[in-house]
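Colleague: Each chain is listed here by its residues.
Protein chains: 2
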Amino acid sequence: MRYQLYYWPSIQGRGEFVRLPLEEAGADYVDVARRPGGESALLRFLNGRALATPPFAPPFLKAGRLVIAQTADILLYLGPRLKLVPKAEASRLWAHQLQLTVADLVAEVHDVHHPIAGSLYYRQQKKEARRRAAQFTAERLPKYLRYFEAVLERNPAGDRHMVGRALSYVDLSMFQLIAGLRYAFPRAMARLARAHRRLAVLHARVAERPRIAAYLASARRLPFSEEGIFRHYPELDA
Amino acid sequence: MRYQLYYWPSIQGRGEFVRLPLEEAGADYVDVARRPGGESALLRFLNGRALATPPFAPPFLKAGRLVIAQTADILLYLGPRLKLVPKAEASRLWAHQLQLTVADLVAEVHDVHHPIAGSLYYRQQKKEARRRAAQFTAERLPKYLRYFEAVLERNPAGDRHMVGRALSYVDLSMFQLIAGLRYAFPRAMARLARAHRRLAVLHARVAERPRIAAYLASARRLPFSEEGIFRHYPELDA
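Each protein sequence line maps, in turn, to chains U and C.
First residue of the first sequence: 22, per my numbering; consecutive thereafter.
First residue of the second sequence: 22, per my numbering; consecutive thereafter.
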């Protein structure tokens, strides 16, 4: 099966949570919008009227005749196929539940720099962003980190993985989350180092996996930037 | 199986998207936190350190030995058991994808009245809320309504249901969404009536289903209020 991933071609964004499992599994996939003419293909999907199961927004994945949108739904589909989630239903529901909590945090990170509207520029909502950022770094960020750290700590199979005894797509998402948060909020993350020691170890171990390391060193890995979800604006990282 | 639902006892909130399918299916369930001592039981779950699969936030569902949090994950689990989703994997992924888009809209509705922080009062972020509300009712709300309307319109099995040819949990979620949006934004929703005619019909048909009608008329259905997610502040509905 050759998977076709559709996502905005210039940012990591939500698409990165899909790219990482595809890379880790050595899957056959095309990052469609990064090819010549690919962004038009993405827009045709979004604006077309023919598809009975239209995506609301990227990322979406074409797998044979299926078109699946919503990052967590894509991972629900890919997880078993890429062998990146345990087999038992209880474990899959648990992995998915964690992924949905990752998605909630990602949405909050986005709204730190866009608290009024995604359609306005950051400079048009800087004042509100500053206020939201102060609340985010003081309350929400520590709460999420403590939660994910507790999940690692309580894993009956040990604190090397979020779910069960082997690498899952949730571990890859935690890697991306820690990487993004460190880029966007270096000072807040340094201050919170003690609250997420196990997560930091998990991040380092994922980065060293041969296929992930090769991916991160390749041109396929886009850099973090102030166009994406994780943006470094020093004034929001007090 | 007796299901135990844990959710804040005084609001519809996200819990309502779980209550509706349980009611429609005539399932055996307990709304734990609305019983005497129930809210303490909910807080023990949230703050306890024993559970290997802790919820980040309510709602969560206890089903035998499973504890499942995240509204959409709960519905992923309940859907097949309550016969409120088609059997084929492609249909289940599609239903879940739609539910995740419902969740995104619900989060945006919440942030209209709380654009800075959930831990602050509305009156502490009124000015920012007014700005976000103007963007929400002008851009995001019409975009979401047009999307869900198009899903109904394009359903190959007909525009009576969101997924396939029978009632699913997604239809129940659309009912709750339309009800809540009408409560919170009556003027904006009236202005957008033409953009969601099929959704309005779906809302009316769900409300007439015998078990849903009985539930809505019962004390089990909490009223909308300015403590919940869908809040009516006239200044946010210009």
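Treat the hints with care, since some could be wrong.
Repeated chains share a single entry, so a pair holds when one copy, or any two copies, can fit it.
With a straight-line Cα cutoff of 25 Å, these simulated DSS-like cross-link-like pairs (lysine-lysine) come out [unchecked claim]:
no. : residue 1 : residue 2
1   : K108      : K148
2   : K164      : K83
3   : K104      : K83
4   : K83       : K108
These are calculated hints, taken from the structure and not from any lab test.
Colleague: All hints are to be evaluated individually against the structure, with a verdict given for each.
Modeller: Structure-based check of all given hints:
In this assembly of identical chains, the alpha carbons of K108 and K148 never lie at most 25 Å apart, being 47 Å within a copy and 49 Å across copies at closest. Taking the closest pair of Cα atoms, K164 and K83 come within 25 Å of each other only across two copies (23 Å); inside a single copy the shortest separation is 35 Å, beyond that limit. For the identical chains of this complex, K104 and K83 are intra-copy neighbours only, at 19 Å inside a copy versus 28 Å across copies, given an alpha-carbon limit of 25 Å. For a Cα distance limit of 25 Å, the shortest separation of K83 from K108 qualifies both inside one copy, at 23 Å, and across copies, at 21 Å.
In this structure, only the earlier hint numbered 1 is contradicted, and the remaining ones agree with it.
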